[in-house]
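J.: Next come the chains, spelled out residue by residue.
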Amino acid sequence: MIQYRGVTKIFGHGPELIPAVKDITFDIKPGELAVFLGPSGCGKTTLLRLTNRLLSLTSGEIEINSQDIMAWNPVKLRQSMGYSIQEIGLFPNKTIYGNIAVVPRLMGWDESRIKERVDELLSILGLEPDIFKDRYPVELSGGQQQRIGVARSLAADPDILLMDEPFGAIDPINRERIQDEFLSIQSKLKKTIAFVTHDIHEAIKLGDRIAIFQDGRLIQYDTPETILACPANQFISDFVGTDRAIKTLGLYRAQEAMSEKPDIIIQGAMRGLEALNRFDHKDLADMIVIHDSKPIGYVDIQALGNKGSEVKDSVLAFPVLINLNDTLRDVVSHMLMHDFKQFPVIDDNGDLAGVISHDDIRKCILKIFNDCKNRTGQ
Amino acid sequence: MNSAIRNIYRLIIIVFLLACVILTVRSGLIEYLSDPNEILYTIRLVGQHVNMVIVSMAIATTLGLSIGIIFTRPRLKRFSGIIMYIVGLGQTVPSLAVIAIAMSFLGIGFKAAVFALFTYSILPIARNTIAGIRSVPPWIIDAAKGMGMPGLQILFQVEIPNAMKVILTGFRVALVINIGTAALAFLIGAGGLGEHIFTGIDLMRSDKLLAGAIPTALLALLADYMCELLGLIIIPRGLRLTQGVR
Amino acid sequence: MNIIAFIMDNAERCWSLTLDHISIVSFSIFLAGLIGIPTGIIISHNKKTAQKVINIANIFMTIPSIALFGLMLPLLAIAGYGLGKVPAIIALVLYSQLPIIRNTYVGIRNIPPELVEAATGLGMDRWTRLKEIEIPLAMPVIIAGLRNAAVMNIGIAAIAAYIGAGGLGVFIQQGIARAYEDMILAGAILVALLAILIDCGMSLLEKILTPKGIRITGDLGV
Numbered sequence: 001m002i003q004y005r006g007v008t009k010i011f012g013h014g015p016e017l018i019p020a021v022k023d024i025t026f027d028i029k030p031g032e033l034a035v036f037l038g039p040s041g042c043g044k045t046t047l048l049r050l051t052n053r054l055l056s057l058t059s060g061e062i063e064i065n066s067q068d069i070m071a072w073n074p075v076k077l078r079q080s081m082g083y084s085i086q087e088i089g090l091f092p093n094k095t096i097y098g099n100i101a102v103v104p105r106l107m108g109w110d111e112s113r114i115k116e117r118v119d120e121l122l123s124i125l126g127l128e129p130d131i132f133k134d135r136y137p138v139e140l141s142g143g144q145q146q147r148i149g150v151a152r153s154l155a156a157d158p159d160i161l162l163m164d165e166p167f168g169a170i171d172p173i174n175r176e177r178i179q180d181e182f183l184s185i186q187s188k189l190k191k192t193i194a195f196v197t198h199d200i201h202e203a204i205k206l207g208d209r210i211a212i213f214q215d216g217r218l219i220q221y222d223t224p225e226t227i228l229a230c231p232a233n234q235f236i237s238d239f240v241g242t243d244r245a246i247k248t249l250g251l252y253r254a255q256e257a258m259s260e261k262p263d264i265i266i267q268g269a270m271r272g273l274e275a276l277n278r279f280d281h282k283d284l285a286d287m288i289v290i291h292d293s294k295p296i297g298y299v300d301i302q303a304l305g306n307k308g309s310e311v312k313d314s315v316l317a318f319p320v321l322i323n324l325n326d327t328l329r330d331v332v333s334h335m336l337m338h339d340f341k342q343f344p345v346i347d348d349n350g351d352l353a354g355v356i357s358h359d360d361i362r363k364c365i366l367k368i369f370n371d372c373k374n375r376t377g378q
Numbered sequence: 001m002n003s004a005i006r007n008i009y010r011l012i013i014i015v016f017l018l019a020c021v022i023l024t025v026r027s028g029l030i031e032y033l034s035d036p037n038e039i040l041y042t043i044r045l046v047g048q049h050v051n052m053v054i055v056s057m058a059i060a061t062t063l064g065l066s067i068g069i070i071f072t073r074p075r076l077k078r079f080s081g082i083i084m085y086i087v088g089l090g091q092t093v094p095s096l097a098v099i100a101i102a103m104s105f106l107g108i109g110f111k112a113a114v115f116a117l118f119t120y121s122i123l124p125i126a127r128n129t130i131a132g133i134r135s136v137p138p139w140i141i142d143a144a145k146g147m148g149m150p151g152l153q154i155l156f157q158v159e160i161p162n163a164m165k166v167i168l169t170g171f172r173v174a175l176v177i178n179i180g181t182a183a184l185a186f187l188i189g190a191g192g193l194g195e196h197i198f199t200g201i202d203l204m205r206s207d208k209l210l211a212g213a214i215p216t217a218l219l220a221l222l223a224d225y226m227c228e229l230l231g232l233i234i235i236p237r238g239l240r241l242t243q244g245v246r
Numbered sequence: 001m002n003i004i005a006f007i008m009d010n011a012e013r014c015w016s017l018t019l020d021h022i023s024i025v026s027f028s029i030f031l032a033g034l035i036g037i038p039t040g041i042i043i044s045h046n047k048k049t050a051q052k053v054i055n056i057a058n059i060f061m062t063i064p065s066i067a068l069f070g071l072m073l074p075l076l077a078i079a080g081y082g083l084g085k086v087p088a089i090i091a092l093v094l095y096s097q098l099p100i101i102r103n104t105y106v107g108i109r110n111i112p113p114e115l116v117e118a119a120t121g122l123g124m125d126r127w128t129r130l131k132e133i134e135i136p137l138a139m140p141v142i143i144a145g146l147r148n149a150a151v152m153n154i155g156i157a158a159i160a161a162y163i164g165a166g167g168l169g170v171f172i173q174q175g176i177a178r179a180y181e182d183m184i185l186a187g188a189i190l191v192a193l194l195a196i197l198i199d200c201g202m203s204l205l206e207k208i209l210t211p212k213g214i215r216i217t218g219d220l221g222v
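Protein chains in written order, with the working numbering: chain H, 1 to 378; chain Z, 1 to 246; chain P, 1 to 222.
Please keep in mind that the hints were generated in silico from the structure rather than gathered at the bench. Be aware that a few hints might be false.
Below 30 Å or equal to it, Euclidean Cα-Cα: the simulated DSBU-like pairs (lysine-lysine) are [to be verified]:
| no. | chain 1 | residue 1 | chain 2 | residue 2 |
| --- | --- | --- | --- | --- |
| 1 | H | LYS294 | H | LYS282 |
| 2 | H | LYS205 | H | LYS373 |
| 3 | H | LYS29 | H | LYS190 |
| 4 | H | LYS247 | H | LYS261 |
| 5 | H | LYS29 | H | LYS247 |
| 6 | P | LYS207 | H | LYS133 |
| 7 | P | LYS212 | H | LYS94 |
| 8 | P | LYS207 | H | LYS94 |
| 9 | P | LYS52 | P | LYS131 |
| 10 | H | LYS94 | P | LYS131 |
| 11 | H | LYS294 | H | LYS261 |
| 12 | P | LYS131 | Z | LYS165 |
| 13 | H | LYS133 | H | LYS188 |
| 14 | H | LYS94 | P | LYS47 |
| 15 | H | LYS133 | H | LYS115 |
| 16 | H | LYS261 | H | LYS363 |
| 17 | Z | LYS77 | P | LYS207 |
| 18 | H | LYS363 | H | LYS373 |
| 19 | H | LYS115 | H | LYS188 |
| 20 | H | LYS190 | H | LYS205 |
| 21 | H | LYS341 | H | LYS282 |
| 22 | H | LYS191 | H | LYS261 |
| 23 | H | LYS115 | P | LYS212 |
| 24 | H | LYS282 | H | LYS367 |
| 25 | Z | LYS165 | P | LYS47 |
| 26 | H | LYS29 | H | LYS191 |
| 27 | P | LYS52 | H | LYS133 |
| 28 | H | LYS188 | H | LYS76 |
| 29 | P | LYS131 | P | LYS212 |
| 30 | H | LYS282 | H | LYS363 |
| 31 | P | LYS131 | H | LYS76 |
| 32 | P | LYS48 | H | LYS133 |
| 33 | H | LYS115 | P | LYS48 |
| 34 | P | LYS52 | Z | LYS165 |
| 35 | Z | LYS165 | P | LYS207 |
Please model the complete structure; the sequences and the hints are all you need to start from.
T.: Pasting the structure below:
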């Protein structure tokens, strides 16, 4: 939807030329959240502001849906895109309603439609319309102001959003919450978003794809998983951090690393003697006992006291049950806290879906990294 | 396009200045001033004028600064707002009214004029002293106290220097207004360049008018400029650099 | 010293001179604002031009008002407007330029840049931005400038009585000429009261015209 072709921007004239953006070419697909990431001065904000013509191109083209942005009237172009900045920039002399209504009014919507839209947006963002509509920005907290800033950029229902560190001015605790809300809104609205940040965590969390810039050049444009698994060069490798394997853990779920391991799963109705035999034959340390497909506990050789009774009477409790959708990061955290080897993984019904161990995770991550290397030859 | 505008601008100024010079000559000012008696007389008027200004400013500055300092001391600080309000109110009173009221209480002559001028000039000085000292960031004073600076030292080494820019502005405003109001002092018998101006109006004589108006204007502009120079000397460079316009 | 008696005996004259005075000042402030506020807006974009323009306005204000009258009279006498209300109004308009232009300039420049950025980024053109954001936010400072100018003008208009402009200064002028103390004081007190009244009145106007969103904290919330 947004196509950058050889985009270059050089500031200054005469002897003092400052190239900010150098020959950038890539596409942002419709409905995609593309993060522009990089250190200060890498050109990410410049590229964003070239997109809505707040800055003028030195050379190259930017196309929106295959139409050159230079063919548009710049004011109309900006009205058709949402724009959100770090300082938020709510107009203090206008009410919240007035702030959100800015672009719809510029576009000539009639007032009843605007009123509906404002109510709708405030509700989506979790702010009670009747309370907030007539308040002034100065009466709101930082987090609330931030949400209104986002609402304002969504007001005219643009297809494209340009966001320049929109969550930068918020304290870290609220920032996480707002990021989560933002992700959930985006999953419903599916806007095409160009999102500038310098925070690698934010980029990984929010981005469908991340464009990493250095000194005005685009170094890599890939999914977060790919960037973490095979960074294009040392700079990116350093930028994402030496703990990128651990960061990768946050991107995958227990479901993807677990395995079946039928050997160590036994029915609760099994007799103790049979279980003991199994221990000997298969050389196991402990086994997971299930009853009606739900894991109820585990047994080891000591626990099987009465050989005659059913196994389900001698189970020991699991330290924790892992859910299919838990991130591998959380799983590793549990693993580090409990002296336990084979963790049961359950689905939302509580039924056993698989078993996960240190080794499973290790193998999973290695595979991801190796696949990536093989695929990209890095 | 900018340079074209600049050139038109320069042209307009040159034409304007030329027109002024021509008119001045036409008004007979040169002939008037070629009379040595008149020049001496004019110089005497300038002397009277400057005399009034200096005396009233000296008193106004001393008292104004003192009031300003006194009402920013911890014990009296809470009155500083009221004082500023009263002083502000006083500043709105037209200068001619102040002169007229001074005359009715003190009669005519030098004393009455100086009193009126002093009353009028003390206001901006006191007001700006208070405002200037109040605007010194409290954490700077805190740092000074924390270092163990005695109160008097804090006043002279921290508060006043940091407030100097604002105080000097108050002084400048007071001085310029003073020079202007001193021109009215003629009306209550204190002499000064106002004599030429008002006589000129009465007699419809442009030469006398200009003989009074031009020196007065020059005096005011000179005083303004000297205050700026004073600022460059007194105010440490670190405090002089501010954004914004005068 | 029976000022009150004087005022009551000459009530009609007091009233007409006061109206005279007010009309001269209002008209000049109106004209001065018409010239000064757009000028202030235009120069807010260029710091260098702004400096020059404000310097010129400053010169006019530094020159004592009576001297300015003295300088203007020979000039205007040629056109036949030497005495009376016309030179007075011209001087008043020139005098008012500094506070009005400077305050407008400062008011607009003090608007946080991110508000301008947000406005442009959302798709406002220059006029809309001025109308919706910049002028409302600069309004309190602009009105303060007008207030400043108005109070100054009341004082200068009193002096303008000496060049035949009428107004309350006439009482002072004639009072001094006739050594009529009550007249002098009546003039002085009336014009002083007028100045204080206008000052308070315009302060109120300042508060009323401050956009509500700023009034609450008194700053631009940034």
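J.: State the violated hints by number, sorted upward, taking the hints as numbered earlier in the document.
T.: 12, 22, 27, 32 and 33
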